[in-house]
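Chemist: Listed here are the chains, written in short residue letters.
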Amino acid sequence: MEIDRDNNDDNSRRIQVRFVTKLKAPYKVPTTAIAIPSDLSRLGLSSIVNNLLQAVNSEWKTEPFDFLIDGELVRMSLEQFLIAKGISAEKILEVEYIRAVAPRKEEEPSPHDDWVSAVDGSSPRFILTGCYDGLGRVWKEAGLCTHILEGHSGAISSVSVITSEGAGSATVATASKDRTLRLWKFDADDNSDHPSKIRAFKILRGHNASVQSVAANTSGDMVCSGSWDATINLWRTNESDTDGDVVSIKKRKVNNKAEESQSEGEAVSTLVGHTQCVSCVVWPRKETIFSASWDHSVRQWDAETGKDVSDIFCGKVLNCIDIGGEGSALIAAGGSDPILRIWDPRKPGSSAPVFQFSSHSSWISTCKWHNSSSLHLLSSSYDGKVMLWDLRTAWPLSIIDTHKDKVLCADWWKGDSVVSGGADTQLRISSDIFIQ
Amino acid sequence: MTRQESQKPKKVNSLEKRDMGLIEGVNKDSLDDNHDQDEHSESSESHEAVDESNSSEDEVAPRNTIGDVPLEWYKDEKHIGYDITGKKIKKKERQDKLDSFLASADDSKNWRKIYDEYNDEEVELTKEETKLIRRLLKGKAPHAEFDPYADYVDWFKWDDAIHPLSNAPEPKRRFIPSKWESKKVVQYVRAIRKGWIKFDKPKEEPPFYLLWGDDSSSADRTKHLAYIPPPKPKLPGHEESYNPSLEYIPTQEEINSYQLMYEEDRPKFIPKRFTSLRSIPAYENAVKDSFERCLDLYLCPRVRKKRINIDPESLKPKLPSRKDLRPYPLTCYLEYKGHDDAVLSISVEPSGQWIASGSKDGTVRIWEVETGRCLKVWEIGEAVQHVAWNPLQELPILAVSAGPDVLILNTGFGNEEQQRKIKELLHIGTTTSSNDSDDLSDYLSWLQDEKHDCIRLRHYRLITCSYSRVFLNLLTRESRAILIHQLSKKLTQRLPFKLYGLAVTSVFHPTRSIFFVATKKNVRVYDLLKQKLIKKLETQLREVSSIAVHPAGDNVIVGSKEGKLCWFDMDLSSKPYKTLKCHPKDITNVAFHRSYPLFASCSDDCTAYVFHGMVYADLNQNPLIVPLEILRGHKSSDGRGVLDCKFHPRQPWLFTAGADSSIKLFCH
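First to last, the sequence lines map onto chains E and P. UniProt numbering applies: residue 1 is where the first sequence begins, and numbers increase by one. UniProt numbering applies: residue 1 is where the second sequence begins, and numbers increase by one.
Same shape as in the complex, but just chain E (with noise of 0.2 Å):
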């Protein structure tokens, strides 16, 4: 009796559904209404869905799938979203679905000396890391190092790959505790196995205290950099000084091997204005940077002129920044405590954060926007996890938790993949991530 009662109870809270989707063929649905249970949540819809698929397709493997009801991810059972969206349950809903954004596939780890404090996975050819014992390493794929960079005498605390394009060669910088900045350059095809070594062809020296970030702009012939010292350095890249010829610097270099190689460059400008450690920089168009500091703003630069163009006041000290999103407009930044707050600048008259993600539970070590998507961003911290963020919803899309200790960097690689380093002397590449 009460079976029967409860499975009446069911019946009479149905909601009448439509799949849709802007995935391609193998994906699809049909597109007929049916009725499902409101109290299914996403793994229920997910598993509508595949069974759906199923019919068609008999030889389809379950794949797990996120909901969109009015361009809101789903993170709670069918009625409490209705409910809490007054969205009405007589008219047939309109589902969408996508692909869900989690790692499939969890690459081997590739093991350092020392705490991995930088990662840069910009370039799809190799992967760029920074290491507590002094070391750069270029990786192929997970497991599989190149190149090893030589030279600094202090703890890398950020590396950016300026260059890859190049029929082999790509330059990079690396940062460095040690008050320097060094530039490489290295063949990205070498295909060796066992990775060679190589000394940066030229060393920026400027700051007074540790440097803590590097970017390079889009066009790839300045850097900056963020220190300790409060203060912000232009570099430029090139192989000579700035009077130099690069014809003369090929001939000593042909003479004298690497020793020669080395040339030593001078801050072009400095931009002054924060008033602690500068410990992030971005440099997204070529014409502004932004940075983050522990003084608890955001500040917008100007690159030309050296002046400061805007501020955000956060109140927290802040670790990363990046620029992203739709437009390219949105500031992500991430500081002492575990909320990712997320900007808007071009709204006007206010200077509080337009999203907050707080799921984390530490200091926010990293944050970066996806390169093609501009909904999706990951965000690393000490808490040991990366945790990837879609703007639709407050809920992080996947936590990647394999990490044994903080996660120190992170970044995307190949659009497809999550690579990130930490104190526990690993770097962590999680691949298959369907991101639209």
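Calculated from the structure, these hints are not laboratory results. Keep in mind the model is a prediction, meaning the values are calculated, not measured. For every residue, glycine included, the Cβ atom is placed at its ideal position computed from N, Cα and C.
Derived DSSO-like pairs: lysine-lysine, alpha-carbon spacing no greater than 27 Å straight-line:
#	chain 1	residue 1	chain 2	residue 2
1	E	404	P	337
2	P	376	E	404
3	E	404	P	635
4	P	75	P	113
5	E	197	E	185
6	P	305	P	232
7	P	138	P	127
8	P	179	P	198
9	P	78	P	91
Using C-beta positions, here's what the derived DEER-type ranges look like:
#	chain 1	residue 1	chain 2	residue 2	range
10	E	326	P	630	38 to 48 Å
11	P	417	E	148	28 to 38 Å
12	P	376	E	44	53 to 63 Å
13	P	627	E	148	53 to 63 Å
14	E	51	P	630	48 to 58 Å
15	P	417	E	287	32 to 42 Å
16	E	401	P	630	30 to 40 Å
17	E	394	P	595	31 to 41 Å
18	E	354	P	630	32 to 42 Å
19	P	630	E	348	39 to 49 Å
20	P	417	E	308	22 to 32 Å
Chain P: place on chain E using the hints.
Modeler: Frame of chain E, contents of chain P only:
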């Protein structure tokens, strides 16, 4: 039964009918017989009239249904009341005055017409009715048949009466007012005027008083000077009954145990059971008890206690809400792990990038604040009591006290030029200039330590050390003397102050050449240039454990081993401005923030307290102290909790070093 009942009303009906017939008969027979019958006839007449009206009602329907309502209410309305369905009953249209006049002139019978307001109609009087009215106007009986002068009929039977009724006329005295009465009234009036008669009787006092009543409430007694009622003796309870319940009777064991008690703890009365009142002996303590009661009443001074009814909440000082005092350290996000034993001391580099820590395991470590990474380790070999960074950022050197030595370590930070300077500073040439103070060389020597490439200051016995910002001097304190070491000249000076008691801790003034020395009970403030005592602060504490100076220099906080924290306003007085009793155990250290209005204390109870301590530029305004947060997280080890706390120089963050060998960073 039913038949009987049905018969009864029939009888009644028949009786009534008979009565009716009788009355009618009388009416028909003799209308003008006598007075008594007149009433009957009236009633019968009215009865007939009712009958008549009934017949007339049958003919004409009642027009007015408004009931007993004054008609002037509708004087100005077009309707006169409402009918049964609620519709308005319209008034008849009135004739014109002229028309009515003309009609009266034409119609000879018009004078007989009367307007009936109530029914709103004109009535024509009949001839009989006019006759009736005429008789009424003349003052005669209305009906012509009525005889007002009928013969008297004597109804009383006089024949067989024994007592004749007096037929005598009423005496005169019955019609004149009484003489004696008026005399009596005059008498009363006189008595009232003279006051012999009183109308408000005096209240009678009750001849009895409440024997068991509350003395304090009796009004006449409290009127007198400060009468304090004696405390009431304890009333007897169940156990003092002659036959108490069994549970009141103590067992033999209990009675025996009473003997082991102290005299004053022993119960005075031991309940006993008696089967009857007869068998109760005399109470042996009766005299003694009453004597003691009298003694109590006589000898114990009685004091009236005034209880004031005040809401305790209203006595609390008005403090600003914690939300408005942000930022302050709240949650622990980072931990610096690596020491093997209790961390005794920490020190933050002036820029806030690194912190140094000294531990009981004999190591000094330098940590990176933002990641929690240990950058450098020095093995000293002995428990490191104190570490201190040079407050000058340009010379990143570290002073470490371990055992009897003070080591001055080169941290290796800073650029090349700074490193060169440091190396110069830390190098001791062959000609040490400590010979100018002979007595000092006995127990102090400057040595070059090869292992750590630093200076080692060997003391006889050392307790603490602290740095001055002004002199780049190092202040070390021995058991009985205070020494100042000048690094640039490699010179040690003994300060010529007499210490009263064992010095506990000392600290430099942040800006001026003043320093503070805390002994067990007091804090003394010395001027280094003038070499004299400026002030003595009386802490009123049992044992001072730590001291910190506000960055402006006029306020000092002192922590004590009994868990009390004193705030001194040096301009105000030498007594504490405020004493905060917060920690249940020893306060191990106190700290001020360099730029935020914050101060903190840490204690062996494994907590650190954070306070808001605002010092105003206006001298008239007292400092504002608000407790903000209790920071927990450290574990107790060997009975010790948090051993040191230091604020980050630029952020509202607090570092705490615990006996559980960890350092925690609490962020806002």
